[in-house]
Amino acid sequence: GAVVSQHPSWVICKSGTSVKIECRSLDFQATTMFWYRQFPKQSLMLMATSNEGSKATYEQGVEKDKFLINHASLTLSTLTVTSAHPEDSSFYICSASTLGQIKETQYFGPGTRLLVL
Amino acid sequence: AQSVTQPDIHITVSEGASLELRCNYSYGATPYLFWYVQSPGQGLQLLLKYFSGDTLVQGIKGFEAEFKRSQSSFNLRKPSVHWSDAAEYFCAVGAGGTASKLTFGTGTRLQVTL
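The listed protein sequences derive, respectively, from chains B and Z.
If you're matching positions, the first sequence starts at 1 in our numbering and goes up one per residue.
If you're matching positions, the second sequence starts at 1 in our numbering and goes up one per residue.
In short, the hints are calculated from the structure, not lab data.
Fair warning: this is a prediction, and the values are worked out from it, not measured in the lab.
Positions of the beta carbon are idealized from the N, C-alpha and C atoms, including for glycine.
Any given hint could turn out to be false.
[Said to hold, decoys possible] For each label pair, taking beta carbons as the anchor points, the in silico distance ranges come out as: (1) Z:Q111 - B:Q60: 34 to 42 Å; (2) B:K55 - Z:T113: 45 to 53 Å; (3) B:K55 - Z:G16: 46 to 54 Å; (4) Z:P79 - B:S18: 47 to 55 Å; (5) B:S5 - Z:A95: 23 to 31 Å.
[Claimed, not checked] With a Cα cut of at most 30 Å, we get these calculated BS3-like pairs of lysine-lysine: (6) B:K41 - Z:K101; (7) Z:K101 - B:K66; (8) B:K64 - B:K20; (9) B:K66 - B:K14; (10) Z:K68 - B:K41.
Go ahead and model the full structure; you've got the sequences and the hints to work with.
Set out below in structure tokens:
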């Protein structure tokens with residue numbers, strides 16, 4: 001149980017284009033989803049927290065107009081990197097959680113590697 | 001604000017040897033603590049977690065961790081390492097007594113020699 005998927009697993013795009021990454025909880029309903037960014041050989045940095053049906057909460061320093069997050073249902077959240085530039089190249093990981101329930105936990109997806117040329 | 005320190009950036013052990021990965025946290029109240037493992041190019045897999053109760057927590061793949069409040073530690077152990085355990089290990093603490101905002105340590109890369 002508690003499986004989270006991401007699509008695509010990797011994407012290469014040209015500078016200036018937009019890229020959408022999907023995060024799905026496959027066997028449970030996630031009240032909250034999180035988006036992280038991981039640079040090579042570094043830890044995860046939380047970008048934003050999204051709750052189903054409401055606006056995402058972004059961490060300090062994360063541009064909300066550049067990283068658009070939509071959490072349309074209890075099983076799907078999307079991250080759109082708008083007007084991507086080479087510095088946006090990174091490994092993006094989502095997680096899903098059922099916060100508010102006893103022994104809540106974040107379950108992570110397999111990640112999406114983005115390369116912007 | 002909470003923080004997590006993993007003092008060992010890189011550890012090498014022989015297959016069959018025991019393993020202990022260190023994790024120290026800073027948090028004012030009783031923390032929610034997690035250990036995750038990440039294989040190259042993959043997402044994170046939950047190994048185990050501590051919320052309350054028994055301070056010795058059993059996880060998957062033969063791992064266990066012990067919460068020691070007096071030392072602010074949550075070290076991960078395995079009695080006999082397998083070559084497939086080679087990966088990056090992250091310790092994390094949840095803020096506000098929840099898993100809502102995880103703060104991760106910088107990770108420990110485990111290498112297993114045959």
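Results for each hint:
1. Z:Q111 - B:Q60: 34 to 42 Å: With a Cβ separation near 35 Å, Q111 of chain Z and Q60 of chain B satisfy 34 to 42 Å, so the hint holds.
2. B:K55 - Z:T113: 45 to 53 Å: At roughly 49 Å between Cβ atoms, T113 of chain Z and K55 of chain B fall inside 45 to 53 Å, so the hint holds.
3. B:K55 - Z:G16: 46 to 54 Å: holds, 52 Å
4. Z:P79 - B:S18: 47 to 55 Å: Check passed, 49 Å falls within 47 to 55 Å.
5. B:S5 - Z:A95: 23 to 31 Å: holds, 26 Å
6. B:K41 - Z:K101: Status holds; Cα separation ~21 Å.
7. Z:K101 - B:K66: holds, 22 Å
8. B:K64 - B:K20: holds, 14 Å
9. B:K66 - B:K14: holds, 16 Å
10. Z:K68 - B:K41: Given pair K68 of chain Z, K41 of chain B holds - Cα atoms ~28 Å apart, limit 30 Å.
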